[in-house]
Amino acid sequence: MIVADEKSLPEILDMIKDCNHILVLGCKGCVTVCNVGGLKEVQILASALRIGRKKDGRIVKVDEEILERQCDPEYVAQIKDRVQNYDGVVSLACGVGPQFLSEAYPDQHFFPAVNTKFFGGAVAHGIWEERCAGCGNCIIHNFDGLCPIARCSKSLMNGPCGGSSNGKCEIDKEILCIWDSIVRKKMASGQLNDLLKVMPIKDWRTARDGGPRKRIKEDLTK
Amino acid sequence: MTTDNFEPKILAFCCKYCAYAAADLAGSMRLSYPSNVKVIQVPCTGRVDITYLLRAIEDGADGVYVAGCLEGECHFLAGNLRTKKRVKYVKKVLADLKIEPERVEMFNLSSAMGPRFAEIANEMTDRIKKLGPSPIKNNDQCKEVKHDCSR
Chain A
1 MIVADEKSLP
11 EILDMIKDCN
21 HILVLGCKGC
31 VTVCNVGGLK
41 EVQILASALR
51 IGRKKDGRIV
61 KVDEEILERQ
71 CDPEYVAQIK
81 DRVQNYDGVV
91 SLACGVGPQF
101 LSEAYPDQHF
111 FPAVNTKFFG
121 GAVAHGIWEE
131 RCAGCGNCII
141 HNFDGLCPIA
151 RCSKSLMNGP
161 CGGSSNGKCE
171 IDKEILCIWD
181 SIVRKKMASG
191 QLNDLLKVMP
201 IKDWRTARDG
211 GPRKRIKEDL
221 TK
Chain B
1001 MTTDNFEPKI
1011 LAFCCKYCAY
1021 AAADLAGSMR
1031 LSYPSNVKVI
1041 QVPCTGRVDI
1051 TYLLRAIEDG
1061 ADGVYVAGCL
1071 EGECHFLAGN
1081 LRTKKRVKYV
1091 KKVLADLKIE
1101 PERVEMFNLS
1111 SAMGPRFAEI
1121 ANEMTDRIKK
1131 LGPSPIKNND
1141 QCKEVKHDCS
1151 R
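From first to last, the protein sequence lines are chains A and B.
The first sequence: position 213 = 213 (the working numbering), numbered continuously.
The second sequence: position 39 = 1039 (the working numbering), numbered continuously.
Read the hints as simulated data drawn from the structure, not as lab findings.
You can take every hint at face value.
Label-pair restraints from in silico Cβ distances:
{"#": "1", "chain 1": "B", "residue 1": "H1075", "chain 2": "A", "residue 2": "S153", "range": "44 to 54 Å"}
{"#": "2", "chain 1": "A", "residue 1": "F119", "chain 2": "B", "residue 2": "E1071", "range": "30 to 40 Å"}
{"#": "3", "chain 1": "A", "residue 1": "D63", "chain 2": "B", "residue 2": "E1071", "range": "33 to 43 Å"}
{"#": "4", "chain 1": "A", "residue 1": "W204", "chain 2": "B", "residue 2": "E1073", "range": "52 to 62 Å"}
{"#": "5", "chain 1": "B", "residue 1": "H1075", "chain 2": "A", "residue 2": "D63", "range": "33 to 43 Å"}
Only a predicted model underlies this, so the values are computations on that prediction, with no experimental measurement involved.
Heads up, the beta-carbon is just placed ideally off N, CA and C, and yes, glycines get one too.
Could you put together the complete structure from these sequences and hints?
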């Protein structure tokens, strides 16, 4: 899933400083699962914004709503009849949500309330880690299911660098050296020789380097 | 309202198994505590959500506290520990909004600690009296900003 993090309240309050009536709009997709943009977070943010503005002597009317997803036009269309009633809409979806909303309602103001961080998962309750860099050409089968593109700080594909120390990366003692894990896993399964194969230079055109990407599934298109 | 005659409104979320029972005991012991404190019984402090605390502040409470079992003695194992983190979160929200985070607090006590219940109520009332009225309440009559959403 896409993992996001909360923006600071002063930053959000600054974004909506000229608005009297706003909609705080959550998303039931990834941001609900990573506890940053679901119904509960909508209620918390709405309450915090009301408190912040009331303290400054400037009331803001805040409505709360959540969409099934903000990254599908059919769900975005569900607020069509009321979106223009607001001075601004604060979206708690990942960066995709406010963009779909902006495209659907060009006359409205949309403000992002979260910072989108990475593709990852929950390793424990309340802790999420990056697992995928969305490079567009998955090669993790070569590394026993561990991705050196997303999880090595340098995205190295042919073994660890000199910064690997006791299984940790030199940039932070909390970060695992994924190459240490790959080598250990290969050793445990007796397949260390697999790593003698030199991985070719990666074609990064399938990643962001090739510009904004698009996927078309012909059998679904009209 | 001057701070001299300021009588704060304080909300206390009290766990049925400890703080609420301690309040009963305080009553049986004829211990007095300030009438500023309004008690809400909850089945466990783990039931207290972040939104409850924020809504209390939003709706004009000068202070809010949660009183749960002693750490390690929650009847539902970890309800009080979970809410301790929620109280910490709300304190951060208030601090971000430049409101005194001390207006929200977490306390732990057992059902046998009637005098401690009264002590907490006194402590919280004194604290809020020193802080003064909630800046939210002061602005109940605040005006809407002039609409200026340039698009």
